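Visitor: Position chain B relative to chain A; hints supplied.
2 protein chains.
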Amino acid sequence: MAREAWVTTYRIAVIGGTGPQGKGLAYRWAKHGHEVVLGSRSADRAEAAADEIADRLPDATVSGAENAEAAAGAEVVVLAVPYDGHDDLVRSLAAHLAGKVVISCVNPLGFDKQGPYGLDVPGGSAAETAAALVPDGRLVGAFHHVSAVTLWGEEEYLDHEDVLVCGDDADAKAVAVELAHAVTSRDGVDAGRLRIARQLEPWTAVLISINKRYKTRSGTAISGIPGR
Amino acid sequence: MAREAWVTTYRIAVIGGTGPQGKGLAYRWAKHGHEVVLGSRSADRAEAAADEIADRLPDATVSGAENAEAAAGAEVVVLAVPYDGHDDLVRSLAAHLAGKVVISCVNPLGFDKQGPYGLDVPGGSAAETAAALVPDGRLVGAFHHVSAVTLWGEEEYLDHEDVLVCGDDADAKAVAVELAHAVTSRDGVDAGRLRIARQLEPWTAVLISINKRYKTRSGTAISGIPGR
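One line per chain: the protein sequences are A and B, in this order.
Using the working numbering, the first residue of the first sequence is number 217, and each one after it goes up by one.
Using the working numbering, the first residue of the second sequence is number 217, and each one after it goes up by one.
It is possible that part of the hints are untrue.
The list treats identical chains as one, so a pair stands whether inside a single copy or across any two.
Within a straight-line C-alpha distance of at most 20 Å, the following computed SDA-like cross-link-like pairs (lysine to any residue) qualify [what the hints assert, rightly or not]:
no., residue 1, residue 2
1, K428, D385
2, K316, D385
3, K329, R409
4, K431, D403
5, K316, E285
6, K428, R444
Hints listed in this document are in silico derivations from the structure and should not be mistaken for laboratory results.
Since we're looking at a predicted model, the values are computed, not measured.
Here chain A stands alone, though its shape is the one from the complex (with noise of 0.2 Å):
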C-alpha cells in the first residue's frame, strides 16, 4: 500500500492567508487533501485568495474567513504573518490557539542598504513569543525558508530544500514534520528545541542576502539524514 494512504488530514488555518508565503502553503497542502481556511483580517480577501487556490484545484476543501474564525475552527493553525504586528494579532487570536498546534513561519527581517537582517526580538524569536502568548499552545517553528514563488509555482515538489521544524512539544512536531511532505515530498528536519527558532527565523536572511547576489531562489537543504 502507498505511504501516501497512511498520510493524516487535518483542518489547517492559514492566518496572514492572503500573503505570497501563506497562500504559497495553502496551495500545498489543499493540494495534498488536507481542508484548509485562509485567515486574514479581511474575510472577503480571504475568501478571494481561497477562490485563487480553488481555481487551480478545484477537488481541494479550501475557504476564506476572517482570522479568528479561521483559528477557531481548525486544528493546526499556521502563523505566516509579518513580524510587524505579529505580538498584537497572536494575543487577540490566543483563546483560539489554545491547546492547539500552532506552526510560526514568521521571519523578523530588517532591510538596509546592506540588505536584509534579522532583527533583535525581545523573547528570542518570534515562535517563542507566539508561545509565551497563548494558554497551553504548542508552538512549532517550520517553513520559515521555502520561497513563496516557488510555493506558488509548477514544481511538483520543492525537493531540493528541507524544512527544519523546531518545538517543545514532540507531537505538535510531528504534525510539522509530516505537513512538509506536500512541500518538499519528505518529512521536515526536527532541528530541537523551540529556542533554535532564534537561528531558524535569521536564516531567511542568508537565502535573500544569496539570492540578490546570485538572481535565484535558494533554498537550504541538510545533508547527512539518514534514509535520504
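Guide: The following block gives chain B in isolation, referenced to the frame of chain A:
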C-alpha cells in the same frame, strides 16, 4: 586545460590549527597544494599536529609554529579558535593580521540541557568583533559548518554540503570562495555582507542539534545556485 591549473595557492596560517576544526581544514588545504602553517600557543603542539598531516600527505608543505609566527608569515590567516578567549587572542595577533585576508570560522556557541545555542555576542558576531580589532583586516566569515570529523575523514570532497562565505571586502571574500574548492570541490557560496556572520555562526547550533537527534553528521547545502 583543467580548471585546477588556474587555482591560486596560498600560504595559509591556521590559528587554532591543533583543534579538530583547524586541523581538518589545514589537511584539506595542504592536500590541494596550499602551503599551510598550523598555529598554536605551543609551537611543539603545532608541530605535532603538522606531523600528523604530513604523515597522511607526504608531498604537502605543512609546518607548525607559535600563533604569532604562523600569522606573521602567512598571506591568509584562518581563525579556527574557540570563542572563549577569541577577542584577547585576536587582539594579541592584530599586528600580524593587519591588511591580510582573515577568515573567521569561529562559532560562539553555548550548551545546556536543551542542547546547543548561539551565544549573545556583543559585537554581533565573532567575525565582526575580529574586524573591529584588526587594523585594515580584511575579515571574512566562512567554513563554520563543516564537520571536523568529516574534514579529517576519507571522503575525497564534502560535496554534499556548501561553504557559506560572508564579508565586506570583495577580494578577500573571493579568496575564501576559492578556498572552499579544497573542501567541497566547488566555489563557496557568497552569502553577503560580514554581518551575515550573525546568522552563519550560530547556524552551527542547528546542525549540532540535528546531529544529536539523528545520530549523524549533517551539513548545509544551498539549492538554486546557478551552474551547479
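Visitor: Would you mind marking each hint as holding or not holding in the structure?
Guide: Evaluation of the provided hints:
1. For a Cα distance limit of 20 Å, the shortest separation of K428 from D385 across copies, 17 Å, qualifies, whereas the shortest one inside one copy, 36 Å, does not.
2. Taking the closest pair of Cα atoms, K316 and D385 come within 20 Å of each other only inside a single copy of the chain (11 Å); across copies the shortest separation is 48 Å, beyond that limit.
3. In this assembly of identical chains, K329 and R409 lie within 20 Å of each other by CA distance solely across copies; the values are 11 Å between and 33 Å within a copy.
4. In the homo-oligomer, the alpha carbons of K431 and D403 lie at most 20 Å apart only across protomers (16 Å), although the nearest pairing inside one protomer, at 28 Å, exceeds that limit.
5. In this assembly of identical chains, K316 and E285 lie within 20 Å of each other by CA distance solely inside one copy; the values are 15 Å within and 60 Å between copies.
6. Taking the closest pair of Cα atoms, K428 and R444 come within 20 Å of each other only across two copies (17 Å); inside a single copy the shortest separation is 30 Å, beyond that limit.
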